[in-house]
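K.L.:
Required output: the full structure, derived from the provided sequences and hints.
Counting from 2, one number per residue, gives the positions in the sequence shown under this note's numbering.
Among the hints, a few may not be true.
Unchecked claim - In silico DMTMM-like cross-links for lysine to aspartate or glutamate, where the CA-CA straight-line distance does not exceed 20 Å:
hint: 1; residue 1: Lys168; residue 2: Glu136
hint: 2; residue 1: Lys200; residue 2: Asp51
hint: 3; residue 1: Lys168; residue 2: Glu183
What the hints assert, rightly or not - Derived CB-CB ranges, DEER-like:
hint: 4; residue 1: Glu182; residue 2: Glu238; range: 44 to 54 Å
hint: 5; residue 1: Glu136; residue 2: Leu73; range: 17 to 27 Å
hint: 6; residue 1: Glu136; residue 2: Asp82; range: 24 to 34 Å
hint: 7; residue 1: Gly210; residue 2: Arg139; range: 45 to 55 Å
hint: 8; residue 1: Ala85; residue 2: Pro226; range: 29 to 39 Å
hint: 9; residue 1: Glu206; residue 2: Arg139; range: 47 to 57 Å
hint: 10; residue 1: Pro226; residue 2: Gly349; range: 21 to 31 Å
Since the hints were derived computationally from the structure, they do not count as laboratory data. All C-beta atoms, glycine included, are put in the ideal place defined by N, C-alpha and C.
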Amino acid sequence: MTAPAAPAVPAAPFPYLGRELDAVEGIAYHRVSCWLHCLRDCLYASGLRDTARALAQPLNFAVERTPEGELLTLYGGLDTDYHAPRFQRGVTVRWETSPDDPERPDAALDLVRRELARGHAVPVSPDLSGMRHSEYYRVPFFGYPHTFLVHRLDPGTAHVADRNTRKAAAFEDNRGTVPLEELRRGMAGAPVLVWDVAKPRADWESELGLLIDRSVRQMTEPDLPQAGLAGLLALPEVIEELAGRPGRRRLLQMRVSGPLQRQVSGDRHLLARVLAGDGLLRSRGPRTAALAADTADLLQRSSDAVLDLARAVFLLSGSWTAEALDLCRRRVRELHAADTRAVEGLAGLR
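P.N.:
Take a look at the structure:
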């Protein structure tokens, strides 16, 4: 029997999380959640070049709390379906849990090896507290796990791409190596993002219609009390409740400022990129084409307003003053106004 041919090895390694990909399709990496950023690069490595339409998510905003009512994080459309992702253009994704078997410790990497053997780079979300390359080394876990890419395993060494590393790790352009043993320990019982690309099951008109309909519904008829457009107005209260908490600075940065930048601004940014150049909407006549262009601009302004708020919260975390708090309130009002206009534009496209 003839042995199957080995997969072709590219002449140059794909630049996972490299700076040269940050401008692809006009997508800014710092406005995309880490797990989606990793998935985007995996799709490019596989040959897919339509990632904006594939990965765009409906607009959302939600304040997520623990069962005890403690603030956990803020999230937008990019993370609404985090546990059961759904995408367009034939992209399917699921989370699988790595084995955690004390009698077979090496099995923790079985899923990673299986996906690498399929020619896929592998987004993983291990326990980072024991991984010395990570900025989360020895940091207690809270919120959503961080995701980075594994693109090769050698004896004793894992080749990874990670945008959140310590300077001492000496990663270059977000790429470097970590001891395989550290990865193995971190992966025991941890999730792996398994992805595939197939022929789309629906046409783009149907997929875009669902994106727009769900965007309008989630922002105007939210399922949670602190969600949607109304939830945005609750943000000053959410920020102020952290005023007397121990570790206020880190809480504001990790649970408010960071999620605003990477989880809330991203859905607006991606959907703006889609609407700005969509041939389907342009084909519906000059009125629809103009509305789509205007709505794309409004969505980008909304994404920018989220970043302005994130910066104000970061400033507040370093110096809790009346002036900094008032700036946050103003930024929330500006964001609410921008989001309201963007949602009105999307409703007009239905």
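K.L.:
It remains to establish, for every hint, whether it holds in the given structure.
P.N.:
Evaluation of the provided hints:
no., hint, in the structure
1, Lys168 / Glu136, "holds, 9 Å"
2, Lys200 / Asp51, "holds, 13 Å"
3, Lys168 / Glu183, "holds, 18 Å"
4, Glu182 / Glu238: 44 to 54 Å, "holds, 46 Å"
5, Glu136 / Leu73: 17 to 27 Å, "holds, 20 Å"
6, Glu136 / Asp82: 24 to 34 Å, "holds, 27 Å"
7, Gly210 / Arg139: 45 to 55 Å, "holds, 47 Å"
8, Ala85 / Pro226: 29 to 39 Å, "violated, 23 Å"
9, Glu206 / Arg139: 47 to 57 Å, "holds, 50 Å"
10, Pro226 / Gly349: 21 to 31 Å, "holds, 27 Å"
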